[in-house]
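Protein chains: 2
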Amino acid sequence: MTRVRRIGFQHERDLARKLWELGFAVVRAPASGSKAKRVKYPDVVAILNRNVYAFEVKTTHRERTIYIPRHQVEKLVEFTKRAGGEGFIAVKIIGEGVWKLVPLTQLVETSSGNYKIEAETLSKALKLRDLLTLARGNTRIDDFLKHKTPDTQS
Amino acid sequence: MTRVRRIGFQHERDLARKLWELGFAVVRAPASGSKAKRVKYPDVVAILNRNVYAFEVKTTHRERTIYIPRHQVEKLVEFTKRAGGEGFIAVKIIGEGVWKLVPLTQLVETSSGNYKIEAETLSKALKLRDLLTLARGNTRIDDFLKHKTPDTQS
Chain X
536 MTRVRRIGFQ HERDLARKLW ELGFAVVRAP ASGSKAKRVK YPDVVAILNR NVYAFEVKTT
596 HRERTIYIPR HQVEKLVEFT KRAGGEGFIA VKIIGEGVWK LVPLTQLVET SSGNYKIEAE
656 TLSKALKLRD LLTLARGNTR IDDFLKHKTP DTQS
Chain U
536 MTRVRRIGFQ HERDLARKLW ELGFAVVRAP ASGSKAKRVK YPDVVAILNR NVYAFEVKTT
596 HRERTIYIPR HQVEKLVEFT KRAGGEGFIA VKIIGEGVWK LVPLTQLVET SSGNYKIEAE
656 TLSKALKLRD LLTLARGNTR IDDFLKHKTP DTQS
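One line per chain: the protein sequences are X and U, in this order.
Quick note, the first sequence lines up with residues 536 to 689 if you use the numbering used here.
Quick note, the second sequence lines up with residues 536 to 689 if you use the numbering used here.
Derived from the structure by calculation, the hints contain no laboratory data.
Among the hints, erroneous ones may be present.
All copies of an identical chain are treated as equivalent in the list; a pair is satisfied when it fits inside any one copy or across any two copies.
Straight-line distance between alpha carbons at most 30 angstroms, and here's what the computed DSS-like set of lysine-lysine pairs gives [said to hold, decoys possible]:
| # | residue 1 | residue 2 |
| --- | --- | --- |
| 1 | K610 | K553 |
| 2 | K662 | K575 |
| 3 | K593 | K575 |
| 4 | K616 | K651 |
| 5 | K593 | K659 |
| 6 | K553 | K616 |
Model, not experiment: these values are computed from the prediction.
Chain X extracted, bound-state conformation (with noise of 0.2 angstroms):
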């Protein structure tokens, strides 16, 4: 495993640690990148009382904008669409240490078609904390997005 992937799974399993703190049932995904796969797994699945969302893991060092291959979405879709959950980018601001969510609906398709979530989106995002709000039915993803500002995010 390369220095760059081994990394990747630090971030991943991190994710998956504070899902599983917050009372989340967790699943993350095995390392097996290299061999071709039937089967397509999110990076990590979080479960509360058969609510589902599923990740894909990324990283950055500032608030920028982030783009995110075609198929990488596209297997979260897939994932969702059985699973009866929704697909988030999980974005780690390296530093600050701190996970923010992206809804799939959120991401900006790119001319080459495939994703980006735009700077602005992302310091609007989901925090963990979020995520169990939506859990426990208290509130909507769009109510969320409508009404929260970076400033008003704890």
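Since the structure of chain X is provided, determine the placement of chain U on it from the hints.
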């Protein structure tokens, strides 16, 4: 990784692939069995329309009593409690290549505090396709176990 562990993963992959082909969203747990982990993953998790099923995988060459360490059962119980799902021991009958799914409620506690599946329970267990019927809401686990005999299962 030892040879025994590697072969174990082949069976987990087989289960994951078959559940995916039936239409389930599937996640298989990572292979890092040697590391101390705070997060407890089932071997395989399958989800369809917000119905969550978690599995520990066992293999046997014939239908006999199967023993399961207490900690594996406890892991499944904790996961399914959080997820709002159901736990199964997935037993592969090697040679036949058939999977039998035994719900946690059918396990018998042994005098040493571990658990076992009796041979008769195993012969009457659910098959993979039964899980699809279950997930689609056409029947309940109890109905399978009550009305089905080994001869009528297919």
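Going down the list of hints, with the structure as the test:
Proximity of K610 and K553 under a CA criterion of 30 angstroms is satisfied in both settings, with 23 angstroms inside one chain copy and 18 angstroms between copies. Taking identical chains as interchangeable, the C-alpha atoms of K662 and K575 lie at most 30 angstroms apart whether they share a chain (26 angstroms) or sit on different chains (23 angstroms). For the identical chains of this complex, K593 and K575 are neighbours both inside a copy (17 angstroms) and across copies (23 angstroms), given an alpha-carbon limit of 30 angstroms. In this assembly of identical chains, the alpha carbons of K616 and K651 lie at most 30 angstroms apart only when taken from the same copy (21 angstroms versus 36 angstroms across copies).
Taking the closest pair of Cα atoms, K593 and K659 come within 30 angstroms of each other only inside a single copy of the chain (16 angstroms); across copies the shortest separation is 45 angstroms, beyond that limit. Taking identical chains as interchangeable, the C-alpha atoms of K553 and K616 lie at most 30 angstroms apart whether they share a chain (25 angstroms) or sit on different chains (18 angstroms).
Of the hints listed earlier, there is not a single one the structure fails to meet.
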